[in-house]
Amino acid sequence: MVGATVGLMLSVNPTLTPAKVRTALQSSARAFPQDGADAAVTACHAPGRREQIECYCSTSTCGAGLLDAAQAVAAVALPLAIITVSSSAAQAGSVVQLNATGSSALGGRSIAAYQWSITAGVAIAAFSGVTNASSATLDTTAPGNVTVQLSVTDSSGAVASSSVSITVTAPVVVAPGPAASSLEAAPAAAAAKSGGGALDWPWLVVLAAALVGLRTSRPARAGADRRPVHRNTA
Numbered sequence: 001m002v003g004a005t006v007g008l009m010l011s012v013n014p015t016l017t018p019a020k021v022r023t024a025l026q027s028s029a030r031a032f033p034q035d036g037a038d039a040a041v042t043a044c045h046a047p048g049r050r051e052q053i054e055c056y057c058s059t060s061t062c063g064a065g066l067l068d069a070a071q072a073v074a075a076v077a078l079p080l081a082i083i084t085v086s087s088s089a090a091q092a093g094s095v096v097q098l099n100a101t102g103s104s105a106l107g108g109r110s111i112a113a114y115q116w117s118i119t120a121g122v123a124i125a126a127f128s129g130v131t132n133a134s135s136a137t138l139d140t141t142a143p144g145n146v147t148v149q150l151s152v153t154d155s156s157g158a159v160a161s162s163s164v165s166i167t168v169t170a171p172v173v174v175a176p177g178p179a180a181s182s183l184e185a186a187p188a189a190a191a192a193k194s195g196g197g198a199l200d201w202p203w204l205v206v207l208a209a210a211l212v213g214l215r216t217s218r219p220a221r222a223g224a225d226r227r228p229v230h231r232n233t234a
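Following this note's numbering, the numbering of the sequence shown begins with 1 at its first residue and continues without gaps.
Any given hint could turn out to be false.
In silico lysine to any residue, SDA-like type, Cα no more than 20 Å apart, as pairs [stated by the list, open to error]:
id: 1; residue 1: LYS20; residue 2: ALA92
id: 2; residue 1: LYS20; residue 2: LEU66
id: 3; residue 1: LYS20; residue 2: VAL159
id: 4; residue 1: LYS20; residue 2: LEU10
id: 5; residue 1: LYS20; residue 2: GLN34
What follows is a set of in silico ranges between Cβ atoms, one per label pair, in the way DEER data are often shown [stated by the list, open to error]:
id: 6; residue 1: LYS20; residue 2: ASN145; range: 22 to 28 Å
id: 7; residue 1: VAL95; residue 2: VAL2; range: 50 to 56 Å
id: 8; residue 1: LYS20; residue 2: ALA40; range: 38 to 44 Å
id: 9; residue 1: ASP35; residue 2: SER86; range: 55 to 61 Å
id: 10; residue 1: SER134; residue 2: SER87; range: 15 to 21 Å
id: 11; residue 1: VAL2; residue 2: PRO143; range: 28 to 34 Å
id: 12; residue 1: ASN145; residue 2: GLN97; range: 36 to 42 Å
id: 13; residue 1: ALA19; residue 2: CYS62; range: 18 to 24 Å
If you're looking for bench data, these hints aren't it; they were derived computationally from the structure.
C-beta: ideal position from N, C-alpha, C; glycine also.
Take these sequences, add in the hints, and give me the full structure.
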């Protein structure tokens, strides 16, 4: 059972040394029971001439206690470093808020320290405040990818890290529209050029030609200029 428990301990924390494994097994062991047997059963003592068929164990005679596999694994488990970002895609020039309050430690331990760092993209982003608190502020300056790493240390000294990638895009540029003064000046300039609403001379020529053509195209009335002839009959 001890060998299987050690295997589980190493699966959650591969960096364990034999000394750390032994310490974790001993510190997480349960106490030996001191009751439940017949009234004649006494505490165990060092081996001697007297036979001990049944006795209550103690730490001085039987070891640190009863193996507790679950507590032993929890005792060596690394803390959880969890990062929450305000936005994983930001425009250059914007601010990204980072938070690590979701991080936790196992085995009754607590998070004792935080550390933020930029592992990629240092040319396009930088922290604008402290980097050893549960939250941090990242200022972006240019498009690209930024990788931020969080390291947490629990009250037992165990350290764990996690990273998050943030994509920084170029800011959207909006083309400015015409100024209000230009829009107001355009109609006034057009009116001034046309003489305050009067027709330009090419239009006058076209209009005169149309009137002349209209007069010449009308037919003369038959007999309009003839005078009546009176004849006397005998």
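Is the distance from the Cβ of LYS20 to the Cβ of ASN145 consistent with 22 to 28 Å?
-> 37 Å Cβ-Cβ, so the 22 to 28 Å window is violated.
Going straight from one Cα to the other, do LYS20 and VAL159 come out at no more than 20 Å?
-> At roughly 15 Å apart (the allowed maximum being 20 Å), VAL159 and LYS20 satisfy the hint.
Given hint ALA92 paired with LYS20 - CA-CA distance at most 20 Å = At roughly 47 Å apart (the allowed maximum being 20 Å), ALA92 and LYS20 break the hint.
Between ALA19 and CYS62, does the beta-carbon spacing fit 18 to 24 Å?
-> Since the Cβ atoms of ALA19 and CYS62 sit about 22 Å apart, the hinted range of 18 to 24 Å holds.
Satisfaction of the hinted span 36 to 42 Å by the C-beta atoms belonging to ASN145 and GLN97 = This hint is violated: roughly 18 Å between Cβ atoms.
Assessment of proposed distance window 28 to 34 Å (beta carbons of VAL2, PRO143) = 56 Å, violated
Okay, SER134 versus SER87 on CB: inside 15 to 21 Å?
-> Holds, since SER134 and SER87 (Cβ atoms, about 19 Å apart) stay within the stated range.
55 to 61 Å as the expected CB spacing between SER86 and ASP35, which holds or is violated | 57 Å, holds
Return holds or violated for the Cβ distance of VAL95 and VAL2 against the range 50 to 56 Å.
-> 52 Å, holds
Agreement of LYS20 and GLN34 with the hint, judged by alpha carbon distance not exceeding 20 Å | Cα-Cα ~29 Å, so violated.
Keeping to a limit of 20 Å between CA atoms, is the pair of LYS20 and LEU66 held or broken?
-> 18 Å, holds
Could you grab the alpha-carbon distance between LYS20 and LEU10 and see if it respects the 20 Å cut-off?
-> 11 Å, holds
The structure is inconsistent with the numbered hints 1, 5, 6, 11 and 12, although it conforms to all the rest.
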